[in-house]
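K.L.:
Listed below, chain by chain, are the residues.
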Amino acid sequence: MNGSERSASITSELLELAPLPTAREAASQVRKELDEILSTEIPKYTSEDSSLVVFASLARGEWTGASDLDWTYLIDGQANSDHLVIAQKIRKILKKHEDRFRPPGQTGTFGNMAFSHDIIHQIGGQNDTNRNTTQRILLLLESKAIGKNDQAYNRVMKGVINRYLEEDNHLLTEDGTRYRVPRFLLNDIVRFWRTMAVDFASKQRDRAGEGWGLRNAKLRISRKLIFASGLLVCFGCNLDDGLQRRISTTDSDIKLDLVNHIRDQMRLTPLEVLAKAIEQNDVSQTVGEELFKAYSDFLNLLNDKNSREALDKLRAEDSRTNPTFKSVREISQAFERALDLLFFVNSKLAPLTRKYGVF
Amino acid sequence: MRLIGFSTGALTRDDFRAALQILTRRRVRAVELSALRQHELIPLVEQLDNLDLHDFQYKAFHAPSVMDPEFEAVAISVLDQVASRHWPIIVHPDAMHNPSKWAGFGDLLCIENMDKRKPIGQTVAHLAEIFKVLPKASLCFDIGHARQVDPTMSEAAAILQCYKQRLKQIHISEVNSESKHDAISFQSVLAFRKVAHLVPETVPAIVESRVSEDEIDEEIQDARKALSSENVLAIAGD
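Chains as they are written, first to last, in numbering that gives the first Met the number 0: chain A, 0 to 358; chain B, 0 to 237.
Calculated from the structure, these hints are not laboratory results.
Keep in mind that the hints are not guaranteed to be accurate.
Computed list of lysine to aspartate or glutamate pairs in DMTMM-like fashion (alpha-carbon distance at most 25 Å, straight line) [claimed, not checked]:
(1) B:Lys-131 <-> A:Asp-263
(2) A:Lys-43 <-> B:Asp-67
(3) B:Lys-163 <-> A:Glu-173
(4) B:Lys-193 <-> A:Asp-250
(5) B:Lys-163 <-> B:Asp-67
(6) B:Lys-224 <-> A:Asp-263
(7) B:Lys-193 <-> A:Asp-252
(8) A:Lys-31 <-> B:Glu-128
(9) B:Lys-224 <-> A:Asp-250
(10) A:Lys-147 <-> B:Glu-128
(11) B:Lys-163 <-> A:Asp-263
(12) B:Lys-193 <-> A:Glu-173
(13) B:Lys-131 <-> A:Asp-149
(14) B:Lys-163 <-> A:Asp-250
(15) A:Lys-43 <-> B:Asp-93
Quantities reported herein were computed from a predicted structural model and do not represent experimental measurements.
Just chain A, with the same shape it has in the complex (with noise of 0.2 Å):
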C-alpha cells in the first residue's frame, strides 16, 4: 500500500467509526421517507424553479432520533402565489408527522419560501439580514435537495459560489500557479461564525435561558464542524494541487472551473470536507482520529435520550454541576484541541489560518 492508499484508507476508517455510518443511513431514509411522504400528499411539489431543501443533521448525514427537520422551499424562477401555498401544505403535512420529523426552531429561518434574487445579491450590506445570511451560508454548508428535482438548488448553489468569486479581484495569485483562498467567501463564512455565536447569546436571553445546554453543545461541536468544513472548502482552493494542476489560460474558465470546484466540494458533508482535507494535507492518523472520535461521542450523546433530554433542560447557571454537560465540555475540548492541531499545527493548513483565518 503505497502513501496515498494509506491515507485513503485512514480517512475511510474515520468516517466509519460508529455511529456514523448508522446516522448517515438514518439520514438517507428519512430524506427518503420525507420525499416518498410529500409526493404522495403533493404530486410534483418542487419543479424545474423550486426545491424542497433540508438542512443541519438532515443534510449533514448524522441523524439522530431526535433531530430537528430544518427545511425551506427554495424559489428560483417566477414569482407565483402557489409557491406559498405549496409551503404551507409541506408545513401542514409536516406537523402531522411531528412525532418523526420535529419543527424547526422558532426564528422563523426554516420552515417557510425563500428566494434565490436575495441569496445571490444580497450579499452583505443593509438588505443582508440575519435570516438570509444564515439561508445562504447553511445552504453552501450544509444542506441537500429532496427528491429527485434539484435543479433550482443546484443554480442557486452555483449562483452563490459565482458571485462570491465576482468580487474577488485576483483569483489566482500573482505568478498565476495557483489558485488563491477566495477571501470574499471566506469572510462571509467567518462572519456566520461568529453570528451564530452571537446569537447564541441573543437566544439565551429571548428565551430566557431555555435550552441552552443543547444549543451549546451544537455550537462548541456541529456549529464549529461546518465552519471548520467551510474553512477547509476555502483553503482547499489553493491547496488541492489537482486543480492548480488544470487552472486554465483563459480568464473566464479561471472562475467557471473555480466555481465547479467549489461547488464539487460542498456536495460532500462536513464530516467528508474534514476526512478529505486529513488525507490531502497529510495531517497525523492521532488527529484524525482524535477529532472523529470526539464528534461520534458527541453525536452518541445526542442519540441518547435521556443526556438529550438533560441537555435540553439545562440552564447555564447549572452547567458546572452536570454531569451530562460535563461529558460535553470534555468532547468538545477533545473536538477543539484536534482542530487546533488541524488548523495551527498542520504545515500547509497552518500559514492559511494565519493569514485568512484571523487578521
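Please arrange chain B on chain A, whose structure you already have, making use of the hints.
P.N.:
For chain B alone, kept in the frame of chain A given last:
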C-alpha cells in the same frame, strides 16, 4: 469565419419549404432541417431528394423531440436515409426510448444537452450516462439550454471542456423562462461569450430563435457576437 445558419422549425412551423426559401433569399449557408414533431418526420425525409439544398454548405437534421415508443423503430429506419447523406442527426436524449438502438448512426448521432424542463441531459454527469451507452455519438451543444440550466455558465464550461472531442454543432438562441426559443438578448450575449473560446470556429452554429424573415440577419449577427472569442464587446454607456 464560423458558419452560422438557421433551423427551419424556428422560421416556419410545419412548412420546411417556405423556411428554405427564406434562408436561400437571405443567403444563409447553414441549415438544420427540423422535424421536431413526430408526424413531420416521414413527410420531410420523403422530400429530401426534391429539395434544392445546394446553396447550403452545412446541413443537419433534427429528429422529433418526442416519440411514441412504438414509433422509435420507424424513426430509426427513416433516419437511415438522412445518415446516408452524412448529415448530423440531432436527437434529444429523452426522445430515445432505447438509446442503444441508435448506436448504428455512430458519430452522426448528435446528442443535444437539454433545458431545465427535461429530466436528463442537462449536465456533464447526465451526458456521461448517455455517452456510456452511445460511445461514438457526438454533441450538439445548445448554449441557450446550458445557460437556462446554470446561468453562471460553469456547467456549460464543464460540458465543453469534457466533451470537446465530441462537439459537432451549436444551437443558439435565448431560452426564455417557459423554455421557448426567443431572439438572443444582450444578457445572453454576455453569458455565451464566457464560454465562446471553448467552441472552435470550425464548429457550425444553428440559430433556433423564433424570428421573422427581416430579423434573420440581425439574429445571425448577434449569434456571431455571442460566439466570438474576441474580447471586444461594447457595453452601453462605455
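K.L.:
So which hints don't hold here, by number, going up?
P.N.:
Violated: hints 3, 5 and 6.
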